[in-house]
Each structure stands twice: as C-alpha cells, then as structure tokens.
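Student: Listed below are the residues making up each chain.
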Amino acid sequence: MPESLSRDEVAHLAVLARIDMSEAELDHLAPQLSVILESVASIQGVASADVPPTSHALPLTNVFREDVVEACLTPEQALSGAPAQEQQRFSVPRILGDEQ
Amino acid sequence: MTDLRKTAAELADDLASGATTSVELTQAALDRIAEVDGAIHAFLHVDAEGALEAARASDERRAAGRTASTLDGVPIAVKDVLATKGLPTTCGSKILEGWVPPYDATVVAKVRAAGLPILGKTNMDEFAMGSSTEHSAYGTTHNPWDLTRIPGGSGGGSAAAVASFEAPIALGTDTGGSIRQPGAVTGTVGVKPTYGGVSRYGLVALANSLDQVGPVTRTVLDSALLHEVIGGHDPKDSTSIDQPLPALVEAVRQGASGDLAGLRIGVVTELGGEGYQAGVLARFHESVELLTKAGAEVVEVSCPHFVHALATYYLILPAEASSNLARFDAMRYGLRVLPEGLDAPSAEDVMRATRDAGFGDEVKRRIILGTYALSSGYYDAYYGQAQKVRTLISQDFASAFEQADVLVSPTAPTTAFPIGDKVDDPMAMYLNDLATIPANLAGVPGISVPSGLADEDGLPAGFQILAPALADDRVYRVGAALEALLLEQWGAPLLDKAPALDGASR
Chain A
0 MPESLSRDEV AHLAVLARID MSEAELDHLA PQLSVILESV ASIQGVASAD
50 VPPTSHALPL TNVFREDVVE ACLTPEQALS GAPAQEQQRF SVPRILGDEQ
Chain L
0 MTDLRKTAAE LADDLASGAT TSVELTQAAL DRIAEVDGAI HAFLHVDAEG
50 ALEAARASDE RRAAGRTAST LDGVPIAVKD VLATKGLPTT CGSKILEGWV
100 PPYDATVVAK VRAAGLPILG KTNMDEFAMG SSTEHSAYGT THNPWDLTRI
150 PGGSGGGSAA AVASFEAPIA LGTDTGGSIR QPGAVTGTVG VKPTYGGVSR
200 YGLVALANSL DQVGPVTRTV LDSALLHEVI GGHDPKDSTS IDQPLPALVE
250 AVRQGASGDL AGLRIGVVTE LGGEGYQAGV LARFHESVEL LTKAGAEVVE
300 VSCPHFVHAL ATYYLILPAE ASSNLARFDA MRYGLRVLPE GLDAPSAEDV
350 MRATRDAGFG DEVKRRIILG TYALSSGYYD AYYGQAQKVR TLISQDFASA
400 FEQADVLVSP TAPTTAFPIG DKVDDPMAMY LNDLATIPAN LAGVPGISVP
450 SGLADEDGLP AGFQILAPAL ADDRVYRVGA ALEALLLEQW GAPLLDKAPA
500 LDGASR
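Heads up: the protein sequence lines correspond to chains A and L, in order.
First residue of the first sequence? That's 0 in numbering that gives the first Met the number 0, and the numbers climb one at a time after it.
First residue of the second sequence? That's 0 in numbering that gives the first Met the number 0, and the numbers climb one at a time after it.
Treat each hint with caution, since some may be false.
Residues from chain A that face chain L, not an exhaustive set, calculated with beta carbons under 10 Å [as the list claims (entries may be wrong)]:
#1 S47
#2 A48
#3 P51
#4 V67
#5 Q76
#6 A77
#7 G80
Cβ-to-Cβ under 7 Å is the rule here; a few derived chain L residues that face chain A [said to hold, decoys possible]:
#8 V45
#9 S208
#10 R331
#11 A346
#12 D355
Below, in silico cross-link-like pairs of lysine to aspartate or glutamate (EDC-like), each with a Cα-Cα straight-line distance of 20 Å or less [unchecked claim]:
#13 L:K292 - L:D404
#14 L:K235 - A:E22
#15 L:K93 - A:E65
These aren't lab readings, by the way, just hints derived from the structure by calculation.
Cβ atoms here follow ideal geometry from the backbone N, Cα and C, with glycine treated the same way.
Can you build the whole structure from these sequences, using the hints too?
Tutor: Written out as structure tokens, the structure reads:
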C-alpha cells in the first residue's frame, strides 16, 4: 500500500474534491499530506479481519416521525443565503459542459 | 454592582436577589468586551443590541415573577459553528462570510428560551479543524494568560472569552478535544457530553459521528447548570439519546463536599509519560494525590489501542469532513467565486474556484486526505481499518471501566504554545489532542478542570476525567471534588493569577 502521496496524486484528488489548486499550493500541501499519510498508515494491520467496524460510538436506530406538516423555512428564508436567485429559485451556473 | 468575575451561579443568585439586573450585567459584559477584545480577539461578532434586548426581556420576566430558568438573564457567548437566527455564522471560514442563518441550532433555541442573552459569536479554527484558532480565516485568538500564545482550539474563542471575563459562560463544540483542550490551556472548565446527550441540530457538521456541543465555563457548577439547559432529547437530531439527562447539578453538589470514598479512579497508562510536559505531569500527579486523600482508590489501567487513536481519528475525521464539506458548492449559500479567464463557467468550474478561494490550508488538507481515504482501492486499508480500530478503542474503554468508575489523564500534553509555532506543521498540531481524542471515538463524556500552573512557564494545565457513556454525572462529581480540593489549597481561583488585561484593547 502506498504510504506517500505524489504531487500528481494530490492534484488528482483536488479535482475529485472540487478544489482548484495552484502550482504553489500543490508544492506546499503535497509534502505535508505525505507526512500525515505516513503517520496514519501505522494503523494498517492493527485490527484483524474479525473485528467489526464501528461507524458510530453508540448504537443507532432509524428514527421516524409522524407524517404531519411542521413549521419549516419560508421560500424567502430558504433563499436568503443564495449567491443568486431568480423567480424564487436558486440561480446557478450552467450544469452541463460543452462536450455534453 | 455587577462583578463580572463572579461565576454564572453567583450571578444568577445576584439576579434572583435583585442585587443586579440582566441589563446591568449584559452591559458590563459588553463593556468588558470593548475593553479587552481588541487584544484577545475572542469574538467574531458582537450583538450588543440583541443581547440588551434579551436582557430587558429577562428583567421584565423576573419583575413579573416568571423567570424562564436558573440562568435567566446571565449572558452567554456562542461558538461560531452554531447556527444563530439573525446573527452571522461563519465557522471561521471565508466560504461562509456574512452568512446569516434563517434558523437557530437547537442548543441556541434552548439557550434563548432559558432567557440567556447572547453576547455574540466566538472565534474558532475554520470548521473546527485545529487546536489553536490559528486556522481561523479571521485572525488568531490570543490566550488571556499570555497574549503571544494560542488559546487552544478549535474553540479558543469561547475559552478565551470566559477566561478573560468577557462572558461568564459560553457554548463550545468538541470533535477531538475542541472544548477540553482550550479549557486546559486557558485555566477554564470544559465538558464534552456523552455523544447524543446534546442535540447537534444546527451545529455545522465537521465529523457527525464525533461532534458534540458542550459547556465552556470557569467552574464545574456553571458547566452543569448550562449542560442542564442545553441537554436532552431532540427529535431533530436522529442521534439524540431519547432519555433524561442524569442529575448533573446534584452531582456537582455531591462532589463539592469532597468525599470520594469508594470511588475507583483509573490512571490510563497510555495517556502520560513521553511527549507530556513535566509541569503538566507534576500537576496531574498532585491532583491524583488529592483525589486519593479524598477517599478515592487509584488503579492503573492500560488501554493498549489508545496509541492508535490519533491515526484512527485522522482517518475517520477527514473522511467524514470531506463528505460534509461537499455541501459548500457555491449554489445555495455562502461564497460564489467565478473562475478567471472563463467566459461561461460551468457549475463545477465555479465550485472548484469557490472552494479554492473559500477554504484555508487546513481544510484543504483534510478534504484531500478524506477524499483519498475514501477512494476505491484505499478504503479498506485506511477508512475500513480505522473503523475497526475504533471498535478496539471502545473495547479498551469497556474493560477499563470494569476496573475503574472514571478514567483520568492530563487534558493536553503541554501548556499553551507560542502563536505561529505549529501552524505549518500539521502533525505537531495534531499531537495536542492525543489525550482527548479517544473519548470522541468512543462517545464517552469528559471534563477538563484546571490543575494548576506548570513550573516551567507558569501557564495553566488541565486534568481530564472520563466516564462511561450516559454517566456524565460522574465527570461532574469528580470534577467538582477536584475543583474544591484545589481551591482549598490555592485559596483563590486559578484565574486570579492571570493578567487583569484592563484596558488591553487600547
């Protein structure tokens, strides 16, 4: 298992995570991320295959509520933080790329 | 006459007796903020008008004999990661600059319903990622004990506000120690409740399975009073525990009597020794000695998997955080930045440019790390393995709690370090949470109580007490006992030794 991250890998992960990163940022962050990854890699092999995973500290059960109308945000409130809005809707940049 | 150095419990008594009013008290806190916050920078936003209006309403209720709670009229500061209707909520991030939530977090609604005027929002590391507040996009908070040093993090703002007497009490959140570690390095008290004991609705999520809201105060009793206001079941949080809180204030009163006969205290072998500052350890051992004199029996317990807690945490947290922070997509709220040099940018182009401009280094580091840990091919080796080690850590707690009623350790391995020392060395920064992280992974409650000043630097150290899930009353009982025993020894609260800071803003 690789225990360090190359600059190219960090650039790829940044695309997956939807963060533009300048060359300078990649130079700065990639070595730091490698150090962190080397450190957390120590976890490999600690738990044997038969140990069950824990996703939450305490047991969770699904929670339902009655299917009745409750107080909620008005359209104005829901849109109040929008960077742009139009006709009581969120206004967003085009979703599809040129090739689509 | 209003004395801001009094505890919240004493101020509540003064309000009840008519010795002061909520308007007087709230105005005094606002004046203190004006006097010292230029130097401390605990607050990102101060709401003088809203706080005074709430104070007037509190005084009117009291005059009419209809007080809403014990703490009705006592002002409070709120960490900026909790949604406050009508008040900016930034999480210390540029990506939420100027965002005003249209709703209250449940804990904020409870605080308002109990009659506590909200003074403002406190500084924090961006999205609660950090141990020093240096990762705030709005500047670092300074430690009231030494303005050149960090106040801990992520909730350094709430801890510094309380330590510098700007606010009697505050709300914090603790994902890996963000309430307890700032408490330790500022000489204040902080409690991380049992996971699910306090609602997370309206808490901007860092890592859902670890986050918990809790009290930030100067005394154990004040924490219990605030915990009883904010705790309890909330249908809006699916992880909220549907059963009543234990009697916390009662546990404090019991503990403060100083009798711990029959109590078994477990000193965790793995949370001490190498990496811990000598002065921090000296105060820790003295505190254990005091608890022994009060009748407690001390046993040493080993939690062998705790040595893997830091690595486990720094896989689980980035994984959850990278998913959570995907909501900052520049579409529905927050910052939107258009990329340069593109005529008709797509939503994805805009999202990438916005997240580059809106997130700081530490947030980017953790999102990238989480994206990596969750990616196919590495999932089993990293995230899957971390979830299994999380099980082993919980099992360590379970067997330790068979041998002891509470577990104890130093809260943080060192006292407050100088601002700038670790800001660009992530692993060095992460080590600050070595002793606090296991509790978050297992969901158990913990408190940090001041244990004194380290000999090397004269700065505060903290004593951590952990209890089994749902037994929050135990951390209050033992915390109150230690606080009372130390106060008897010191003759005055530890914060009396901190600089007065009067006129520090000038």
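Student: Decide, hint by hint, whether the structure agrees.
Tutor: Tested hints:
1. S47: holds, 8 Å
2. A48: holds, 9 Å
3. P51: Hint on P51 (chain A): holds, closest Cβ of chain L at ~6 Å, below 10 Å.
4. V67: Hint violated; V67 (chain A) Cβ to chain L Cβ min 12 Å, cut 10 Å.
5. Q76: The hint holds - Q76 (chain A) has a Cβ within 10 Å of chain L, the shortest such distance being about 4 Å.
6. A77: This hint holds: A77 (chain A) lies near chain L, its Cβ roughly 7 Å from the closest one there, short of 10 Å.
7. G80: holds, 3 Å
8. V45: Result: violated, 21 Å to nearest chain A Cβ.
9. S208: At about 5 Å, which falls below the 7 Å cut-off, the nearest Cβ of chain A leaves the hint on S208 (chain L) intact, so it holds.
10. R331: holds, 6 Å
11. A346: holds, 5 Å
12. D355: Because about 4 Å separates D355 (chain L) from the closest Cβ in chain A, which is inside the 7 Å limit, the hint holds.
13. L:K292 - L:D404: holds, 17 Å
14. L:K235 - A:E22: violated, 43 Å
15. L:K93 - A:E65: Violated, at roughly 39 Å.
The earlier numbered hints that this structure contradicts are 4, 8, 14, 15.
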